[in-house]
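**Q** Quick note, the sequences are listed as chains A and B, same order. Residue numbering for the first sequence is -18 to 675, as defined by the numbering used here. Residue numbering for the second sequence is -18 to 675, as defined by the numbering used here.
Be aware that a few hints might be false.
Heads up, the list lumps identical chains together, so a pair's fine if it works in one copy or across two of them.
Stated by the list, open to error - Each computed DSS-like pair below joins lysine-lysine, with the alpha-carbon atoms no more than 30 Å apart:
1) Lys83 with Lys310
2) Lys192 with Lys64
3) Lys502 with Lys275
4) Lys417 with Lys512
5) Lys64 with Lys196
6) Lys637 with Lys196
7) Lys310 with Lys502
8) Lys321 with Lys103
9) Lys103 with Lys303
10) Lys332 with Lys193
11) Lys637 with Lys20
12) Lys303 with Lys638
13) Lys64 with Lys193
14) Lys64 with Lys310
15) Lys340 with Lys64
Treat the hints as calculated values from the structure; they're not laboratory data. Because the structure is a prediction, the values reported are computed rather than measured.
2 protein chains.
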Amino acid sequence: MRTILGAVVLCAIFMCRGEALALQVLNLMPMPAKVQLGKGRLVIDPSFSVTITGHNEPRLGGAVELFLSQLRRQTGMPPIDMKVTDSPGAALTIQTASGTQKVQEVGGDESYRLEVTNSGAKLSAPTTLGAMRGLQTFLQLVETTGEGFAVPAISIVDSPRFPWRGLMIDVSRHFIPLDVLERNLDGMAAMKLNVFHWHLSDDQGFRVESKKFPKLHEMGSDGLYYTQDEVRELIAYARARGIRVVPEFDMPGHSTAWFVAYPELASGPGPYEIARKWGVFDSAMDPTREETYKFLDAFIGEMAGLFPDQFFHIGGDEVNGKQWDANPKIQEFRHAHGMKDNNDLQAYFNKRVQRIVSKHGKTMLGWDEILRPDLPNSIVIQSWRGPDSLAQAAKQGYRGLLSSGYYVDLMWSAERHYLTEPISGAAANLTTEEQKRILGGESCMWAEYVSPENIDSRIWPRTAAIAERLWSAQDVRDVNSMYQRLEKVSQRLEWLGLTHNSGYVPMLRRIVGRDDISSLKVLADVLEPVKDYTREETAPAPATSASPINRVVDAVRPESATARQFADSVDRLVEGGSRPGTEAQVRALLSRWRDNQLELQPLFEKSVLLREVAPISQNLSALGAAGLAALDYLDRGESAPAAWVSQQLAVVEQAKKPEAQLLLMITPSVAKLIQASVGQTVPPSSSSSSLPAK
Amino acid sequence: MRTILGAVVLCAIFMCRGEALALQVLNLMPMPAKVQLGKGRLVIDPSFSVTITGHNEPRLGGAVELFLSQLRRQTGMPPIDMKVTDSPGAALTIQTASGTQKVQEVGGDESYRLEVTNSGAKLSAPTTLGAMRGLQTFLQLVETTGEGFAVPAISIVDSPRFPWRGLMIDVSRHFIPLDVLERNLDGMAAMKLNVFHWHLSDDQGFRVESKKFPKLHEMGSDGLYYTQDEVRELIAYARARGIRVVPEFDMPGHSTAWFVAYPELASGPGPYEIARKWGVFDSAMDPTREETYKFLDAFIGEMAGLFPDQFFHIGGDEVNGKQWDANPKIQEFRHAHGMKDNNDLQAYFNKRVQRIVSKHGKTMLGWDEILRPDLPNSIVIQSWRGPDSLAQAAKQGYRGLLSSGYYVDLMWSAERHYLTEPISGAAANLTTEEQKRILGGESCMWAEYVSPENIDSRIWPRTAAIAERLWSAQDVRDVNSMYQRLEKVSQRLEWLGLTHNSGYVPMLRRIVGRDDISSLKVLADVLEPVKDYTREETAPAPATSASPINRVVDAVRPESATARQFADSVDRLVEGGSRPGTEAQVRALLSRWRDNQLELQPLFEKSVLLREVAPISQNLSALGAAGLAALDYLDRGESAPAAWVSQQLAVVEQAKKPEAQLLLMITPSVAKLIQASVGQTVPPSSSSSSLPAK
């Protein structure tokens, strides 16, 4: 019987109690299982101190030091303030019952209880892991108040819904330096995510130093790889934050980068080069040669020693089978072994690899494709296909993870990710026992279009919404509350060094080539990159890993907050419930958009990067004018003439088309205004619309 | 006969040539000795490559890799683009004649010549050091254009005016982590500064690991010190950027932190604690005990091994002599040796220390106070007193550095630092030989009020103006050109990871306690911290190294660009020469200021950090109203009534007073408007004004 409280509810409770903080909203994310606000607050000043009672271990001490350094950062206190102390009067007392395993396991106890009163705070947890999660909650509670920094009196009981809450980063298609990964681990810890899934090899690059097969990283990485020392550094960094690190080496497909050095592993004749383009390639490991398994045995053995986690991800996705079809020896092998197709062949490969992984003490994990009944139940399936595929696996006794619906490279809204529920569809009908096999999910950052400069903006803040889905109760799904808290959380994540907000303006400056970016920003603020795989499909020339990542589509946010807020205002205007000032705000925005083209146009000739958005700027201007005219009709109580309306709807149709791989996100709202001006109700969005469903 | 071209002149030349880039201004800083623009441009695309011809050494290769990574960052290219190549068709050819010394020396040749045409660029320099400087110039020339990124066709011949161009950072009063120092070294390299002066010990902290005397850092640093490995890392980082590292260990005063572990070094009885307050303390080393020199011999020997630079800074400033006066044994020693005062005693100490420094192969450097005729001419004087003191030293045969006028902690304008000329006052009358003894100068960042969060904003961009003073010709002193280029340079410095701009908004958010900071920003944009040492003098309670650095005074910029631009507009309005739109702009600003108080006021009760600026917000509002009324009189051609004027000037007087250690920088301009409204001419600013001279 857990009490689930959304931010709005919390706010209401608060007001009932007549506290001075009446308007304060608790910006907790992910929302804890049970929250009860008390009276008063604990002031956080330079004398703040922490005592560790009960069980202690270096990992807990380290977590407290990390906590204090973040608390100092949030409050602007110097490092000589806020200490760990042995004296009993500490502001925060931490009590844990036992230590953590040397290697963090799936399902390790992450629960905690946090009690804050006027006079002090107590955090208790069965293990260090729970204490880590509770410390993050404490940091989220710190607010600026009229009496200085403070945490409200509160009682929280919390534990996660799913034991596996991950973020996958593909470092093959674009190499992502260690410091960028580390700041993302900080973001993960803040959002209570506990698995970093490191997609380390693919057609475009092999990114780990191998001491047994050094040509793998030497020839397969353009010199862009992690040394084994760096891998150990990252694992320690993650462990200090309660995060497991699961390595993925994709096989037998997505493995071109291996073949640059070892063409004999492939099913077709070499030589091979590191792939520069995106997509599914023909090359695949030869599943028929014993030498392949000998190589993999030695390689997996080496990596099993480097990565302490129980799980080893073998990828296993997207083998098109063309090299297998084209190789007579492989076909001969297949027929000789009575395999009816290439799927059978891949299943054979997976079974062999599973035995190797198991021999080295690890549990195999792979994408949907690896699921075949002849593999043992110990393996785990990561689903890019969806909850139904996950449910099938669970029924067959396999554990699974959901990633379909959490691909942040597809540029969906936070809302759409947020409402993607692992226990839905066929999974909702599973038995309790079967449902338990659904371990959780992972936000996936595929790296076709990211660089160290913009990757944070693709991962954050949307991954925080996914983190809440995986931590909080199933019925925490108030989208307005989520967006309200997400905005605050997004700012807080920047204190950790993430650059999802701060990176925006410098990228716009580079595009414009001058300091004043105001007119580009007006446009960019209402743009989003095209969704799903449309960017690939609509590319004027095929992008490669050598293409600059400096276009408007690379700079704009995956989700336009301005367009979302504008849509809310227009809905209120059109459907009633409009507040004073709403129309004035809408008019101000429309006017700014209408006039923006005049300001932006002179800059087009000066920047080739800017020039490609000229048609969108024109559309924005036209939509601004159309929206204003529609409002005029509405205000005068006139019905807009049919000819005008059809003319304006043509403008809308034009504006719906992607340009420069960008979408103009205010288009549906302006369409609503136009349709409202003739008293029409708004039709459901047509299936031909290129705007994504939300 | 060097041709000095300011940005405006360059622009004019450009227009004469009728190029498409007519409006482009070259944003070079420091301005090179000789610049000649050509026709056309060199396009910078992913295929850009560099060839090294002539002499080569690893340091040059490293500099080219750094250059390429910065160029990729500026243009958004992935790391697999833009390579070093051996083939002859490279876009940039670098030719150096010889290598650099193992330890960089003062006066090492930094000259270079850069020729860019449509078809390629050639950088030639006698040494790697000159090539490093030329590569920075090349980076500054890269612009966004209608044909992509490009460098204009240009011919540059360049070399520095002074051989010693430094930045001092005090890491004792507040510890500054290594990564913050490293990003500042990147900023230094971009501005062609070549000496990092590391103020490593003071009353508030001893910041280097000593293996001979580990208690020094263990007891004297609160655990906040650099390991010797970290020191070596920083030195290598600096060397890779053509920067020398000069350590300073302040003695015999400013040394309380040493005495925590070694009270026997002091002249008064212990025990000692690490100082938390600021100022000049009584404690000083005992210059009469041989054990003092034995200790220093061992310590300086160790540090001479750690720091390869030729120079060793012993501080030597601000000994108040109180401990010496109070110690009968020390007085006895003084009399016995015929010393007439404590200055003689310090001179004795310095002479002993100089012999130790010299024994360990180093040249002694110290602040003004160390200058005494009985020290050898090899020592170098760093002057916090001014050019006259420097001139005196030069006449006596001593080399010197100017730092008076370059103390960035005093919150002066860039203009005031920029116009501080080392060869001025008595120094202007020195012979050429004597003038050569003035080696240059150093920007000094004393650290009473800085943290890792705001230190960049205290150093940059103003230190870039100092860098130009020290590199460029004496007659490069067009303040408008400097400000115009500084704005662009400031944005570019952020690509290097400096946070002087990006750190502002997060600090304001923390103060307000919410995401929307617009009304605080309107106010903060026209505020500056009080100047000189007024912050100490006006502190309501004495600040210490444990005080939070999170106030409005810690967040606002040392120089308000908004106020400076407003002052220009008002001057144009009042003195004539007003452009179309100027009055509208001035009115818009004044209205925003007048109305801002209404928006900000409700937030005061919610944030104690915000509340202290309530009176200034009130003053801003009153000034906004006064300015608008004055403009109304001016527009109507009426003379404002005397009673109104005196009332408004009372408002101005009120607004001139520092509040919360902040100054409202638009005050003098509004006073001008008020005075203009009665046809008065503007009187020279009164001596009672608390606003700084510019």
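**Q** Need the list of violated hint numbers for this structure, in ascending order.
**A** Result: hints 1, 3, 4, 6, 7, 8, 9, 11, 12, 14 and 15 break, sorted rising.
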